Amino acid sequence: AQRVTQPEKLLSVFKGAPVELKCNYSYSGSPELFWYVQYSRQRLQLLLRHISRESIKGFTADLNKGETSFHLKKPFAQEEDSAMYYCALISGNQGGKLIFGQGTELSVKP
Amino acid sequence: ETGVTQSPTHLIKTRGQQVTLRCSSQSGHNTVSWYQQALGQGPQFIFQYYREEENGRGNFPPRFSGLQFPNYSSELNVNALELDDSALYLCASSSLLGLGYTFGSGTRLTVV
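Protein sequences appear in the order of chains B and X. Residue numbers for the first sequence follow this note's numbering, so the first one is 1 and each next one is one higher. Residue numbers for the second sequence follow this note's numbering, so the first one is 1 and each next one is one higher.
For the record, the hints were derived by calculation from the structure and aren't laboratory data. Computed from a predicted structure; not experimentally measured. Note that the Cβ used here is the ideal one computed from N, Cα and C, for glycine as well. There's no promise every hint is true.
[As the list claims (entries may be wrong)] Each computed DMTMM-like pair below joins lysine to aspartate or glutamate, with the alpha-carbon atoms no more than 25 Å apart: (1) B/109 with B/8; (2) B/9 with X/75; (3) B/9 with B/105; (4) B/57 with B/79; (5) B/109 with B/32; (6) B/9 with X/53.
[What the hints assert, rightly or not] Chain B stretches covered by chain X per the calculated footprint, using a threshold of three residues with CB under 8 Å from any CB of chain X: (7) 45 to 59; (8) 98 to 105.
Full structure from sequences and hints, please.
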């Protein structure tokens, strides 16, 4: 079964601390993985995708096929990073639907 | 107007009623997907339309149906509403299947 698991519902860190939001997936084949972010009272928006290997707002994520993980990392958290983060993969079986994890709320304290 | 717009933003319906939610996709996007997000959960895929035809469906009963129009806007219809249908309904559009979906702000549906 295709599935995305985010084991932490809430992650609380202090400003300047490193952040790692965990994401594990189950998928047969080569997955396309994404991180979406939802700031307070704003719509869900794409943060980054693994195929572009980019860094957005200081966040990076590396696909580890051996561990079936796609953890999101940032070396120094900022207060404005506080938001809901969703890991998702594209399922090619049904026209490219996104399969989301349950989300992790990141709270960065001053 | 760029971006994905959804209407209405909030809606309260009675169990057993029918509801229609609307979505205008981002300019240039020809693929529209609908998601249901229950409180505290990640979005769940309902179905997707590409060039006015359904080309993928999640685990939702037939009382969830949709349409896509020639201008690529879309509707989600839900018949015989149940209390568990209460959720945030998200619309997302894309210009290429599976890449870079743009989400709307959603419609908050409450079934009482």
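Now for the hints, and whether the structure bears them out:
1. B/109 with B/8: 17 Å, holds
2. B/9 with X/75: 32 Å, violated
3. B/9 with B/105: 6 Å, holds
4. B/57 with B/79: 12 Å, holds
5. B/109 with B/32: Distance ~32 Å between residue 109 of chain B and residue 32 of chain B Cα, so the pair is violated.
6. B/9 with X/53: This hinted pair is violated, its Cα atoms lying about 36 Å apart.
7. 45 to 59: That given contact holds, which follows from 3 residues of the segment 45 to 59 of chain B lying within Cβ reach (below 8 Å) of chain X.
8. 98 to 105: Three-residue rule met by the segment 98 to 105 of chain B, so holds; n is 6.
Comparing the model with each earlier hint shows violations of hints 2, 5, 6; every other hint is respected.
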